[in-house]
Amino acid sequence: MGALEIIKDHTLTFEQKVINLAKEAENSLNVLNYSGEAIRLKEKGIICDLFEGAAPYRPRYILPDYEKFMKQGSEFLRLTPPTDIWEAVNNLLILYKHVPSITTFPVWIGNLDTLLEPFINNEDEARHAIKFLLKHVDRTLTDSFVHANIGPLETKAGRIILEVERELQDAIPNITLKYDPNITPDEFVIEAIKTALTVAKPSFANHQMFVSDLGSEDYGIASCYNGLHVGGGGSTLIRLVLAKLAGEASSVEDFKKNILPNAVQVMAEFMDERIRFLYEESGFFESNFLVKEGLIDRNRFTGMFGMVGLAECVNTLLHASEQKERFGYSETANQLGVEILEIIQDELAKRNNPFNVVSGGKHTMHAQVGIDTDSGISPGCRIPIGEEPALLPHIQQTALYHKYFPSGIGDIMPFDKTASNNPAYVLDIIKGAFQTGMRYFSTYSDDCDVIRITGYLVKKSDMEKLTRGENVLNDAVVLGLGAAQKSKILERKVRNV
Amino acid sequence: MIPFSSVDGLGNRFAIFLQNCMFNCWYCHNPETINNCNNCGICIDYCKTGAISLVEGKVVYDIFKCINCDECIKSCPHNASPKIQVLTPDEVMKEVLKVKPFIRGITVSGGECTLQEDFLIELFTLAQAQGLTCFIDTNGGVPLWDKPELMEVTDKFMLDVKAFDDSEHRKLTGASSENVIKNLMFLANDKKLYEVRTVCSEIGFDNEHTVREVSKILSSIDSSVQYKLITYRPFGVREEFKYKLQVPSESYMQRLSQIVKENGLKNILIV
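Quick note, the sequences are listed as chains G and V, same order. For the first sequence, my numbering assigns the number 1 to the initial residue and increments by one for each residue that follows. For the second sequence, my numbering assigns the number 1001 to the initial residue and increments by one for each residue that follows.
Please keep in mind that the hints were generated in silico from the structure rather than gathered at the bench. By construction, the Cβ of each residue, glycine as well, lies at the ideal position given by its N, Cα and C atoms. Check each hint, because a few of them may be wrong.
[Unchecked claim] Straight-line Cα separation of at most 25 Å, SDA-like style, residue types lysine to any residue; simulated pairs: (1) G:493 - V:1067; (2) V:1192 - G:187; (3) G:44 - G:54; (4) V:1156 - V:1064; (5) V:1242 - V:1068; (6) V:1083 - G:496; (7) G:493 - V:1001; (8) V:1100 - G:54; (9) V:1098 - G:435; (10) G:417 - V:1002.
[What the hints assert, rightly or not] Not close to chain G: a few residues of chain V, all C-beta gaps over 10 Å, as computed: (11) 1054; (12) 1064; (13) 1103; (14) 1151; (15) 1190.
[Unchecked claim] FRET-style restraints, in silico, Cβ to Cβ: (16) G:496 - V:1267: 22 to 28 Å; (17) G:27 - V:1095: 28 to 34 Å; (18) V:1067 - G:26: 57 to 63 Å.
Extracted from the complex, chain G is given alone in its bound form (with noise of 0.2 Å):
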């Protein structure tokens, strides 16, 4: 899109305007130098750079230490440490406005109960201020990619934000709940449970496994379902795209050996330029306020190597066309994806980037969820919709690939909406989900207004409004409703109770 045909387009806001524009601008340089391998894959769409821009001047995904903020304010910003709920909310709000990222808003809002509860004094007032900041977040940070998280700790906050978000019916933020089933009490659980089979969140994250994985329970999940480091984030995320990386390969053997290794070193490598750019050109990490107050520190960011397409990957590979044979069903073709991965996080573990320090200077694996234009490619690892078997061993089938990502993987399983009769029935299910290895896991009822594209979340009300021409106020709503013309969103399988 050139920059009249973005000022000219009556689908977007202004905002959104000014947002297309300043990318324009950005992609107009050309400072990066990439190997020409590096260029070949990405046009053949193989590395897929997700519209970052040609000259990175901000880390993707930031998450601010916002307890930290809390305690002393911003001298920046001019706020003092809040006395009580209201100017808890007011300082949030206002920092959020404050935090760069890929898509201009804050992917990550923080642990909104733990920063909230200490303020709580009156539930009523409570109630009426998380209503207010949350409405305040959905109209003004107009974008799904914002996350806020809840647990694993029961709190009034906490309990008062399901509440809220069950009346409020509104896409922004996504919510993540830090699900550990020996710290967050079942009740609390089934609170949100119900708050998911209404309004689509929040996710369910495998807290014990990201504590684990991260080595710290200081981490956030966010924008989609990513696990980063709080005080940090990522500083890229780049896609390999393995649905097609499949048909460059002559055998399953030529893609083990061959293919697939050199892909991911020349993948890794065209991170490490974007990386270095930022870091050592760009100015970023000496010039923006939540690094000099240090709610942010450059030794706490990772380079994030995403994947898409294992499904479509295994079936070329394996020339699987009948169902049993394919990948979901056949053994031969669910052990291939973990055997991908193994290969994938092998050839990782032989590089060395000096700017991820706190991912011991590897690049960290993630599952990308898809972007609106993907056609034949599934999120991640997931098994494609329409093809999605029973749910016992769907979760068994995808709880195999979980472990190698914690900078996020996630599946999403709809249930029916009489679901909502015994919800405890769908904590049993994330208990043993979990159990079995699963990291990340959604839900929602089929009669949602909002729901789950692929990581994020939209009205399909506003889905409707964007097909008749009409403005919406959040951005994503683009994205899903290209989502859901070529990736069948909407016909996922919904879980019959």
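Go by the hints and put chain V onto chain G.
Frame of chain G, contents of chain V only:
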């Protein structure tokens, strides 16, 4: 056996359906569970895939050839099924353990499972040793107060009260309601009642009377028991009974729910 069930008690449960029932309800939607197969072999001719055969006078069923078209069940003149499996409690437990991380318990239903008391006691003892809760889904026809051993190993019951009035109950099920009502009181007093269910049809029976009397009894003993009001649906019901009953309107179901509420019960579910 159904490894994941959301409608057979609290949470996700492994549901097991046993053969045989002493009631014969108009709206039974799985009438093939009423009797045991008598090896007449009539169903063999109806099977499209050759999954059923007669071996030494006994009907044998091949699960791998079956495509679940259920023609065999429709053709059976005895309200039975060739598809049943004969399993020991140990064999059932082996299947249950495969999904243990996902379930909080097991529920045995039917047919009328309390007719196979010894099996239940053995199975439940094994399940409880694994930390699983054990629920029974019953029509209430068997005097449970005479079965202390079974009561000991059963965590909760789900009881059908199909009609309160004895003559109505006889008309609908072919059996008296006397034991059902006694069981209702016995189980509620024993704090072993998870749920009471009544299938509701707008014509045929006085549901309002049943629902009123049942909720009065329950609220006087344990008002926390869930009352599930089930909307009659003709799916799976035998042709000769299908049109004797009528699918109730939503407002009718709401009226019944109101009666339950007015009589002091808190947990009401319309499905």
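Structure-based check of each hint:
For the hint pairing residue 493 (chain G) with residue 1067 (chain V), the CA-to-CA distance comes to about 22 Å; that is within 25 Å, so the pair holds. A threshold of 25 Å between alpha carbons decides the hint, and for residue 1192 (chain V) with residue 187 (chain G) the separation of about 22 Å falls inside it, so the pair holds. Using a Cα cut-off of 25 Å, the hinted pair residue 44 (chain G) and residue 54 (chain G) holds, with the two alpha carbons roughly 18 Å apart. A hinted pair counts as satisfied when its Cα atoms are at most 25 Å apart, and residue 1156 (chain V) with residue 1064 (chain V) does not qualify at roughly 35 Å.
About 22 Å separates the Cα atoms of residue 1242 (chain V) and residue 1068 (chain V), which keeps this hinted pair within 25 Å; it holds. Distance hint between residue 1083 (chain V) and residue 496 (chain G) is fulfilled; the C-alpha atoms sit about 24 Å from each other, no more than 25 Å. Between the alpha carbons of residue 493 (chain G) and residue 1001 (chain V) the distance comes to roughly 23 Å, so the proposed pair stays at or under 25 Å and holds. Distance restraint check for residue 1100 (chain V) and residue 54 (chain G): the Cα-Cα separation of roughly 51 Å exceeds the 25 Å cut-off, and the hinted pair is therefore not satisfied.
The straight-line distance between the Cα atoms of residue 1098 (chain V) and residue 435 (chain G) is roughly 13 Å, inside the 25 Å bound, and the hint therefore holds. Between residue 417 (chain G) and residue 1002 (chain V), the direct Cα distance comes to roughly 20 Å. Compliance with the 25 Å bound is thereby established for this hinted pair. For residue 1054 (chain V), the shortest C-beta to C-beta distance to chain G comes to about 31 Å, beyond the 10 Å cut-off, and the non-interface label holds. No Cβ of chain G comes within 10 Å of the Cβ of residue 1064 (chain V); the nearest lies about 14 Å off, and the non-interface call holds.
The non-interface label for residue 1103 (chain V) is inconsistent with chain G: the shortest C-beta to C-beta separation is roughly 6 Å, within 10 Å. Separation of residue 1151 (chain V) from chain G is adequate, the least Cβ-Cβ distance of about 24 Å exceeding the 10 Å criterion. Once the 10 Å rule is applied to beta carbons, residue 1190 (chain V) is consistent with being away from chain G; the minimum gap is 23 Å. One distance hint, 22 to 28 Å for the beta-carbon pair residue 496 (chain G) and residue 1267 (chain V), holds here, with the actual separation near 23 Å.
Separation of residue 27 (chain G) from residue 1095 (chain V) is about 58 Å and departs from the stated range, judged on CB atoms against 28 to 34 Å. As the Cβ distance of residue 1067 (chain V) to residue 26 (chain G) is approximately 59 Å, the hint placing it in 57 to 63 Å holds.
Of the numbered hints listed earlier, those contradicted by the structure are 4, 8, 13, 17.
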